[in-house]
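J.: Sequence:
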Amino acid sequence: MHHLQGTVQRLSIYISEKDQFKGESLYEVIMEQAKDADLAGVSVFRGLYSYGRDKKIHSVGILRISEDLPLLIQIIDTKENIQSFIPKLEQFTGEALILQEDVTVVQPTSSY
148 MHHLQGTVQR LSIYISEKDQ FKGESLYEVI MEQAKDADLA GVSVFRGLYS
198 YGRDKKIHSV GILRISEDLP LLIQIIDTKE NIQSFIPKLE QFTGEALILQ
248 EDVTVVQPTS SY
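Here the sequence shown stands for residues 148 to 259, numbered as in the numbering used here.
Note that these hints are calculated values from the structure, not bench results. Among the hints, a few may not be true.
To be verified - DSS-like, lysine-lysine: derived pairs with alpha carbons at most 25 Å apart:
#1 LYS226 to LYS182
#2 LYS235 to LYS169
#3 LYS202 to LYS182
Stated by the list, open to error - The calculated label-pair distances, taken between Cβ atoms and stated as ranges, are:
#4 GLY241 to LYS182: 27 to 37 Å
#5 GLN230 to PHE168: 16 to 26 Å
#6 SER159 to ASP183: 18 to 28 Å
Please read all numbers here as calculations on a predicted model, not as lab measurements. Every residue, glycine too, gets a C-beta built ideally from N, C-alpha and C.
Work out the full structure, taking the sequences as your base and the hints as a guide.
T.: Next comes the structure, spelled out in structure tokens:
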């Protein structure tokens, strides 16, 4: 069990629902790789509205149903563990936007 506190790192990965790696959903591949690497915590969030480099709008709405919504994957762990995971991540994320930043754990929890 991981017990993170103080300054740790958050890795944010922006992809699309349709992104795949070798026929599998990319977000599932990333989740499994993070789990195999024993990273402390991973969450996947589905976006309601977005656009990227191409300025094409992706949204959920009554008049606009998109099957290609944005996904945000966030991984939390120590700097060392995040640093060692990035090279593996880069092997299958292609053109995904990946951000790495220091964050502070305010209240530790045992669920991560």
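J.: Could you work out which of the previously given hints the structure breaks and list their numbers from low to high?
T.: 3, 4
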